[in-house]
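Peer 1: 199 is the number that my numbering gives to position 199 of the sequence shown; each next residue is one higher, with no gaps.
Please keep in mind that the hints were generated in silico from the structure rather than gathered at the bench.
Predicted model only: the values in this text are computed from it and were never measured.
Zero decoy hints are in this set.
Restraint ranges, calculated between C-beta atoms of paired labels, are given here: (1) 92 / 175: 29 to 35 Å; (2) 102 / 8: 26 to 32 Å; (3) 178 / 102: 31 to 37 Å; (4) 181 / 159: 17 to 23 Å; (5) 25 / 172: 40 to 46 Å.
Calculated lysine-lysine pairs in the DSSO-like style (CA-CA distance at most 27 Å, straight line): (6) 178 / 111; (7) 25 / 49; (8) 79 / 25; (9) 79 / 49; (10) 111 / 25.
Beta carbons: idealized from backbone N, C-alpha and C, even for Gly.
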Amino acid sequence: MTGRATEPIRVLIADDQIVMREGLKRVLESPDDILVIGEASVAQEVLGKVQDLQPDVVLLDLLWFSDESAGVAVLEQLKRATPQSKVVAITAYDDLIEKARRAGAEAALPKGFTVEELISVIRSVHRSPGFPAAAAETGRLDDILSEREMDVLALLVEGLSDREIGERLFLAESTIKKHVSNIRDKLGATNRTHAVSIALQKGFLQK
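Just need the whole structure built from these sequences, with the hints factored in.
Peer 2: This is how it looks when you write it as structure tokens:
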């Protein structure tokens, strides 16, 4: 539980869709340790808002008015002008996750994330200096994970539940839960969605 004396994590929401901005603001009202301090609705105003408000974490959508390059361009601009800014990129496209990683995003969330996953990633990014160390030390996931863990990870990327993965691999659900826990620990991920995000950032693709 966060102590009362602890300063909340200051968050800026940057997204062109008002429904998305309002939804994110609503779900982030609950945690005592997170405070939404502002929002940006057009790509051109993101840098100015970040410089003025100095948020701890920026939630940045990567698709602005159907332009796949706009969000990454904003991210690159932020990292040049305000390198201390910690950015969580949000996108529905796997290829943009890799582009966000190269542009300097601390984390990326595929759309469809849960409230718990969003809050967990914000807290993790705020505490962490960057990408999880274990995954950053090598460009090869199979240097970090066992062959069976790679099998489980492939099915996590497909969006399968622990039960469904167990059925696919003919393993008990409890065994899959243990493998998922090991994958998270080895990748430094806060949850399964974060583990998938790291895997995609490292260039992992389903076979």
